[in-house]
Every structure is written in C-alpha cells, then in structure tokens.
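So you can see what is in the structure, the chains are spelled out below.
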Amino acid sequence: MTVVEQTGAPKTTPPGRPRRRPSPLGSKWTPYLFLAPAALFILVFQAVPLVQEVYLSFTRTRLLNPTRSEWVGLDNFNRIFGDPEFHRTLLITIIYVITCVVVAIGAGLVVALLLNRKFRGRGVARALVTVPWAAPGIAVALIATWMLNAQYGIVNRFLDAVGLGVPGGAILDSSRYALPAVLATTIWQLFPFTSVVLLSALQSVPQELNEAATVDGAGRWATFRAVTWQVIKPTVGLLALLMTIWSLRRFELIWLMTKGGPVGATETLVIDLYSQAFDSKELGSAAAIGMVGVVISLIVIIGSRLVARAVEKGDVR
Amino acid sequence: MRRFRFGVTARIVAVLVVLGVAVFPLYWMFVTALSSNSDLFADKPRLTPDLGQFGVFVDALAEGKAAGWLLNSLIIAVGTMVLSVGLGIPLGYALSRFSFWGKAVLTVVLLFTQMLPEALMVVPLFALFRRFELLDSLTGLILVNSAFVLPIVALILKGAIDGIPKELEEAARADGARPFTTLTRINVPLIAPSIAATAVIAFFHAWNEYVFAVTFIFNPDLQPASVGIANFIGELGTPIQTVMAVAFLFTLPAVAFYLLVQKYVVSGMTAGAVKG
Numbered sequence: 349m350t351v352v353e354q355t356g357a358p359k360t361t362p363p364g365r366p367r368r369r370p371s372p373l374g375s376k377w378t379p380y381l382f383l384a385p386a387a388l389f390i391l392v393f394q395a396v397p398l399v400q401e402v403y404l405s406f407t408r409t410r411l412l413n414p415t416r417s418e419w420v421g422l423d424n425f426n427r428i429f430g431d432p433e434f435h436r437t438l439l440i441t442i443i444y445v446i447t448c449v450v451v452a453i454g455a456g457l458v459v460a461l462l463l464n465r466k467f468r469g470r471g472v473a474r475a476l477v478t479v480p481w482a483a484p485g486i487a488v489a490l491i492a493t494w495m496l497n498a499q500y501g502i503v504n505r506f507l508d509a510v511g512l513g514v515p516g517g518a519i520l521d522s523s524r525y526a527l528p529a530v531l532a533t534t535i536w537q538l539f540p541f542t543s544v545v546l547l548s549a550l551q552s553v554p555q556e557l558n559e560a561a562t563v564d565g566a567g568r569w570a571t572f573r574a575v576t577w578q579v580i581k582p583t584v585g586l587l588a589l590l591m592t593i594w595s596l597r598r599f600e601l602i603w604l605m606t607k608g609g610p611v612g613a614t615e616t617l618v619i620d621l622y623s624q625a626f627d628s629k630e631l632g633s634a635a636a637i638g639m640v641g642v643v644i645s646l647i648v649i650i651g652s653r654l655v656a657r658a659v660e661k662g663d664v665r
Numbered sequence: 017m018r019r020f021r022f023g024v025t026a027r028i029v030a031v032l033v034v035l036g037v038a039v040f041p042l043y044w045m046f047v048t049a050l051s052s053n054s055d056l057f058a059d060k061p062r063l064t065p066d067l068g069q070f071g072v073f074v075d076a077l078a079e080g081k082a083a084g085w086l087l088n089s090l091i092i093a094v095g096t097m098v099l100s101v102g103l104g105i106p107l108g109y110a111l112s113r114f115s116f117w118g119k120a121v122l123t124v125v126l127l128f129t130q131m132l133p134e135a136l137m138v139v140p141l142f143a144l145f146r147r148f149e150l151l152d153s154l155t156g157l158i159l160v161n162s163a164f165v166l167p168i169v170a171l172i173l174k175g176a177i178d179g180i181p182k183e184l185e186e187a188a189r190a191d192g193a194r195p196f197t198t199l200t201r202i203n204v205p206l207i208a209p210s211i212a213a214t215a216v217i218a219f220f221h222a223w224n225e226y227v228f229a230v231t232f233i234f235n236p237d238l239q240p241a242s243v244g245i246a247n248f249i250g251e252l253g254t255p256i257q258t259v260m261a262v263a264f265l266f267t268l269p270a271v272a273f274y275l276l277v278q279k280y281v282v283s284g285m286t287a288g289a290v291k292g
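As you go down the protein sequences, you meet chains A and B in turn.
Each residue of the first sequence is one higher than the one before, starting from 349 at the first, in our numbering.
Each residue of the second sequence is one higher than the one before, starting from 17 at the first, in our numbering.
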C-alpha cells in the first residue's frame, strides 16, 4: 500500500502548472524572437530612411554635396506651394488618381459581371484577362511606347484608318493626348486586378436573392442595386483605397513613357519628386514633394476609415 | 426567346473584345519581335507573326547582353523571394499568434510602408547603400527589395495562419513542442498555398523592380533586365525586333507564373489588405 502511494505521488502535477516546462525563452520573449529579424530589416530599410527623408524636407540639400545640408524650416514647403507648376502637378495627380480609381473599378466591375455568367471556356477567359496585371511595368511601358510611335505605331495606323488620327501621330508628344494615353495604359494594367477581386466578391452574392428579386418583378438595375451592390460594396471600397494608393505611388510607367512631359502634362507628384532629386538635384524640395504625397495618402486612408465607420453605424448610406 | 439569343451573341462578342484588349499588347510584342523589317515599316503592318523570323529570340540571347540581364534579374528575384518569405513567415506567425508590446505600432508601420513611393526612398537609401558599400551589388538590391515586399508577405501569411485552428498547435505544444517547431511542423505545411503565393509575389516584385536597380547599379554587367529593357526605350541603335524579343522573354515567365497561381495570389492579396 505505502509503496504504491509513493510511486504514484510524483505523477500528479499541481493544478495550473504545465506538465513540462516550456523552453527558457518560452513565454515573454518568444514573439520578439520571431519578429526581430523582419523588424530590424524594416527599421533599417524603411523607417530610418523615412525619418531621414522627413528631415531632408526641412533642409536645403544638393544631390552633389549632400553633406552640406542647411536647415531652412518650412522654406521648401512655402516654395512648392507658391509655385504654379506645383499646383499643376497636384491637379494632374488628382486627375490621374481619380480617373484610375473610377475607370479601373468601373471597367473591372463590367468585366467581372460579364465573366460571372456561366459559359464554356470561362476558366480560360478569367485567366487570360489577368494577363495585363501580370505583365511587368517595364515591358508595358515599352510596348505602349512602341504602339503609340508616331510613324509606325499600330495605334496611330488604326486611328488613321478609322479617320480619328492625331495630326502628326505624336500622341505622347502632345500635351493634350499624352495624359489620356498614359492613363489608358495604367488602366489597362489595373483593371484585371479589380475585375478578379470583384469576381470573387460576386461569387458570394446569394443567387436565391437575385431570383427572388426578379420574381418580385424588379428590373435588372433594381436587382443589381438591391442585391449585388450591397454585397460587393465593401470590396469596392477596399479597391478604391488600394487603387488610390497604388496610383499615387506609380512611377515607372509614366517615367518611361513621357518622363512627365510634354511640358509637365503628365507630371504627377512622384515624377516631380524624382526629377527634383535627380535632374534639378534639389534633395530638400524633392523630399518636401514626397511628404505632400505621403500626407495625401494618409488623409485618404484615415478618411476612408472614418467613412467606413460612419457607414457601419448607418449615418451615411 | 429572340431577345435572349441576341443577348448571348452580344455577350460572346463582349467577352472576346475584353480578352482582345487584355491580350493584344502582349501579342503585339510577339508579332513585332517576329517581323521582318519590310513588314515592320510597310504601309500596312502585318498582323500575324512571321514564324520564319524565329531566330531573333536566339540572336537576342546570344549576341546582346540580354542573357546576362535576365540572369541578374533571376539572382535578384530568387534572393528576394528566399529572404522575404524566410523573414515573413516568422513575422506573420508572431502577428497572428502572440500578443506583445508594440504589436499595434508594428502593424501600423507595415500598413504605412505600403503607401511609401519607392521614388521617395531612393535618396536616403542611396546614402545608406554608399555607407555600407552596397552600391553596384546584387546583394544590395536583394536586401532593399526584400524590405519593400516583406510587409505584404507578412500580412498575407498572418491572414493564412489566422485561419488555422489554434487547437492544432496547442496539442503539439502540450506534447512539448517549442514554438519554432510548431511553426515549421504544423503551420507551414498548412499554409503552403499562401507561402507559394507570397513567394510568387516576392519573386516578381524583384523581377519587375526598376527604380532602385537603375539608381544603385552602375556596372553594366550587373544590370537586371528591367533596367536593360528600359534603356531600349527612346534608343534608336537596337533593332526593334531584338528589343521586343528581349521584352517578351522578360514578360513571359511573369505572366505564366501568375496564371498558374493567380487564385492564391488574388485571395492572398485581398486577404492581406482586408485583415491587415
């Protein structure tokens, strides 16, 4: 009896204590071990450079002599906001972003509704439509430039053939047509993403509700508004946010197609920032322009959060 | 009934138009590569590829620097993929499974980095690269590309790990497995599709990257294809067929891989963006 009790005793563990001790670093430090390498990386390559960039925006610094940096306070900001060319840049940025958001989402929705129907070869069609999104920006800029070539470009030849030709054909050299051409190329690259995302959102639209609405005599548009739109609304909001931020950042397509020209007709904030830094070699102004872009993004993000919250509460419909 | 028929035809036409718009520029890249000079500059351009010109692909790789460019791109892309996914898995795990001091700040920082334009970061990163002697090195590009793609990789993987029931890990933990072991033995196999998707995203982020490559690399032998191809634009010296052949070889793997894993990439990207 006593022997049995003695051997049995060590097997019982006090309540609340794990059967085995975790490793010495088991509890408090574990998460930090997992995230430290990545966090260090982001600190070195993103956080520190960003802080330096903020500092630069308050200085006069030349690219060729960056160690001689002079603190000038808000001078850079005063200068760019007083400059009519910067006002134009802001306006073009806004036009560029809004057009990208509206058209990319609109076109994406039309394509998604189209590809949501059942038909043979739908899988192939869905795959093919994503091609532009998968194509590298460099290659897109190259082929677009070639297609828009004044003499031999297929676009001009087609426009000439249907009698809509641009005089001289130099679309990218025309201050009137360059921005639409760059926008069309950007949207060509963006709409597959919006359509694929919207397509997956459409899949969660309950078919019974659609049918019920149709039986009730609702027209197509009414059914769309009452059923489909309600389901995909959050996705549209998310896409609008993503498209805004992506088009605010977008650089290589515009840079390689027009370098912001002709005479600034396609100069968005990012293009302006890059040419201030590397053509005019004014790092301070470049940083200040960049800060304007970052602030716009922040306003958009915070604003969209507030709108989303208001919609959830039911204040706005 | 008649109206219905018309609707079907209209729909088929609409689908074909959409697909035409989506695919034509890439097709045109291919056609241009495979055109003779006389076709290219004729009054009426030839709309189909001249398969007799196929040698242009071989020539483009054999003669010019294109093979070297593509190899550099491959090195940068593979390096970025390995590094960012390698760091992103533990980061995503930490964000999903643990609560720790600074978690909210870290999440905000990850989201914030998504809106920073590369062009803005070029200048301070240039100074950093000069100090650490990373200019003119593929390693430098791997490091900076990894840092830029890491947040989206981590957020996508966090979303994937969120979807795994905690009980699976708790059972393993009760058997005495350490956190790292439960991550590699239990979570990693279950989120394999998401890992594949993030690997593709990271690979092509680096494959396509231009701004850092053009600013940080001076040695022509170290140029990746994105810079090499961009230099073609507006340059008259190289035959357009060669230019398009190289660009096509640069584009094809990106498109092919995306088509293979697009399902996971899209759901991953939206999940990463939604859940943040």
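Hints should not be assumed to be uniformly reliable.
[As the list claims (entries may be wrong)] Below, a sample of chain B positions facing chain A; criterion: calculated Cβ distance under 7 Å:
#1 V29
#2 L32
#3 V33
#4 A110
#5 V139
Treat the hints as calculated values from the structure; they're not laboratory data.
Yeah, the Cβ is synthetic: ideal placement off N, Cα and C, and Gly gets one too.
Hint status (Cβ of V29 (chain B) to nearest Cβ of chain A, threshold 7 Å): violated, 11 Å
Next on the checklist: Is the interface hint satisfied for V33 (chain B)? The criterion is a beta-carbon contact with chain A at less than 7 Å.
Outcome noted: Status violated, d = 10 Å.
Open item on the list: Does the closest beta carbon of chain A sit nearer than 7 Å to the beta carbon of L32 (chain B)?
Closed with: violated, 9 Å
Interface hint check: A110 (chain B), Cβ to nearest Cβ on chain A, cutoff 7 Å. Holds or violated? Given a least distance of 4 Å, the restraint on A110 (chain B) holds.
Should the hint that V139 (chain B) touches chain A count as held when the rule is a Cβ pair under 7 Å?
For V139 (chain B), the interface hint holds, since the closest Cβ of chain A sits about 6 Å away, which is under 7 Å.
Consistency with the previously given hints fails for numbers 1, 2, 3, ordered from lowest to highest.
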